[in-house]
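**Student:** Chains as they are written, first to last, in my numbering: chain A, 1 to 187; chain B, 1 to 187.
Bear in mind the hints are in silico, worked out from the structure with no lab data behind them. Heads up, the beta-carbon is just placed ideally off N, CA and C, and yes, glycines get one too. Hints should not be assumed to be uniformly reliable.
As the list claims (entries may be wrong) - So, partial list: chain B residues that the calculated Cβ filter (under 10 Å) puts toward chain A:
#1 Asp35
#2 Pro38
#3 Asn39
#4 Arg41
#5 Cys78
#6 Arg129
#7 Arg170
#8 Val186
Said to hold, decoys possible - Which stretches of chain A does chain B cover? Using the computed rule of at least three CB atoms under 8 Å from a CB of chain B, they are:
#9 40 to 53
#10 80 to 90
Said to hold, decoys possible - Think about it this way: if two alpha-carbon atoms lie no more than 20 Å apart in a straight line, the pair counts; the simulated EDC-like pairs of lysine to aspartate or glutamate are:
#11 Lys174/A / Glu64/B
#12 Lys95/B / Glu70/B
#13 Lys116/B / Glu165/A
#14 Lys174/A / Asp35/B
#15 Lys105/A / Asp56/A
#16 Lys183/A / Glu3/A
#17 Lys174/B / Asp35/A
2 protein chains.
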Amino acid sequence: MSEIESWQDKLIRSLDKTQNDPVSRFFQLATVDRDGRPNIRTVVCRRFNSNAESIDIITDLRSEKCRQLESNINASICWYFAATREQYRLGCSAKIFHQYIEVTKIKHYWDKLPNKNRLHFFGAPPGQRLTSKDVLVVSNTDLPPPNFAVIRFRIHAAEYLNVSELPHVRILYKLDNHHWQAKPVVA
Amino acid sequence: MSEIESWQDKLIRSLDKTQNDPVSRFFQLATVDRDGRPNIRTVVCRRFNSNAESIDIITDLRSEKCRQLESNINASICWYFAATREQYRLGCSAKIFHQYIEVTKIKHYWDKLPNKNRLHFFGAPPGQRLTSKDVLVVSNTDLPPPNFAVIRFRIHAAEYLNVSELPHVRILYKLDNHHWQAKPVVA
Numbered sequence: 001m002s003e004i005e006s007w008q009d010k011l012i013r014s015l016d017k018t019q020n021d022p023v024s025r026f027f028q029l030a031t032v033d034r035d036g037r038p039n040i041r042t043v044v045c046r047r048f049n050s051n052a053e054s055i056d057i058i059t060d061l062r063s064e065k066c067r068q069l070e071s072n073i074n075a076s077i078c079w080y081f082a083a084t085r086e087q088y089r090l091g092c093s094a095k096i097f098h099q100y101i102e103v104t105k106i107k108h109y110w111d112k113l114p115n116k117n118r119l120h121f122f123g124a125p126p127g128q129r130l131t132s133k134d135v136l137v138v139s140n141t142d143l144p145p146p147n148f149a150v151i152r153f154r155i156h157a158a159e160y161l162n163v164s165e166l167p168h169v170r171i172l173y174k175l176d177n178h179h180w181q182a183k184p185v186v187a
Numbered sequence: 001m002s003e004i005e006s007w008q009d010k011l012i013r014s015l016d017k018t019q020n021d022p023v024s025r026f027f028q029l030a031t032v033d034r035d036g037r038p039n040i041r042t043v044v045c046r047r048f049n050s051n052a053e054s055i056d057i058i059t060d061l062r063s064e065k066c067r068q069l070e071s072n073i074n075a076s077i078c079w080y081f082a083a084t085r086e087q088y089r090l091g092c093s094a095k096i097f098h099q100y101i102e103v104t105k106i107k108h109y110w111d112k113l114p115n116k117n118r119l120h121f122f123g124a125p126p127g128q129r130l131t132s133k134d135v136l137v138v139s140n141t142d143l144p145p146p147n148f149a150v151i152r153f154r155i156h157a158a159e160y161l162n163v164s165e166l167p168h169v170r171i172l173y174k175l176d177n178h179h180w181q182a183k184p185v186v187a
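Okay, chain A solo, but in the shape it has when bound:
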């Protein structure tokens, strides 16, 4: 099966081909709430580490997705590249980092964030009813507030789909004793 390109190499190539389009850094993230209901939202990839097989996003610790991941660490990522008509579905487990756990990791992402995006984290919690008195006064954004967090998704299953031509190409990748096994399947 060694002729089949790894999903990591495929994803690196998709990112490379679409690097000029900011939307290609958006993917959909699904989590499960306490009632067993799925939830999805679009998020921004801050880093894909092909060696560690992980993806990082930044988020607000007060968000719904953090509460859901605290009770169920399983997550599913769907990354569709409209330009190349390729889709990656990634089965992951999530770990949430905030400044009391890992200051350096947090600071790394905070430093890369433009000031207008930093301000977001000093406001009222996401999902709270909007009130007219939500006036934000922030004097210093050099350091992140305690609710700024990084979520790292470790990938343990992957599926590649390419619908640019017929027949569609679909490959399942599974971790078997620390080695990825690829299986072409019916699309």
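Dock chain B against chain A, hints included.
**Tutor:** Just chain B now, kept in the frame of chain A:
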């Protein structure tokens, strides 16, 4: 609260503005498997019925998503319109229709399908290992095979997000005694 536009009207407008881009008909669908893990994939909207507050897709009855929806009817839809920078998150319950339940509904979608897409449904089950002997001989595609199915998602919760400007606009919509209640919240 009557000044807030309904999510249905907003979605109609987003679809209208993006009608020339086929990719704007794609959305992400999350389901939950028997182990409580989320699963996402990109699917194509075949119909949004704003009065019935439902969305239809077509699928293969032998697909993973059908198995998952049979054990847990809860689904979550994330529809991101890259052109307008609007996102709709829809909480739904799913119902699967196939020809033994509702022939007319099935036939309606089958008739609209190009022949090359119809052929897909006569092949081996999706997810099955690809073998070289998968040669497809189909003499007549006028009628759908028993595995052709329609999934109807009834929407019971919605969230609208617009990130085209700062501050971002986020509105939660909930069904309260058959009436939708809108609540602007922190994005």
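**Student:** Now tell me if each hint is right for this structure.
**Tutor:** Against the structure, the hints:
no., hint, in the structure
1, Asp35, "8 Å, holds"
2, Pro38, "4 Å, holds"
3, Asn39, "5 Å, holds"
4, Arg41, "6 Å, holds"
5, Cys78, "4 Å, holds"
6, Arg129, "6 Å, holds"
7, Arg170, "8 Å, holds"
8, Val186, "5 Å, holds"
9, 40 to 53, "holds (count 3)"
10, 80 to 90, "holds (count 4)"
11, Lys174/A / Glu64/B, "16 Å, holds"
12, Lys95/B / Glu70/B, "9 Å, holds"
13, Lys116/B / Glu165/A, "12 Å, holds"
14, Lys174/A / Asp35/B, "17 Å, holds"
15, Lys105/A / Asp56/A, "10 Å, holds"
16, Lys183/A / Glu3/A, "11 Å, holds"
17, Lys174/B / Asp35/A, "17 Å, holds"
Figure legend: structure checked against the earlier numbered hints; every hint is met.
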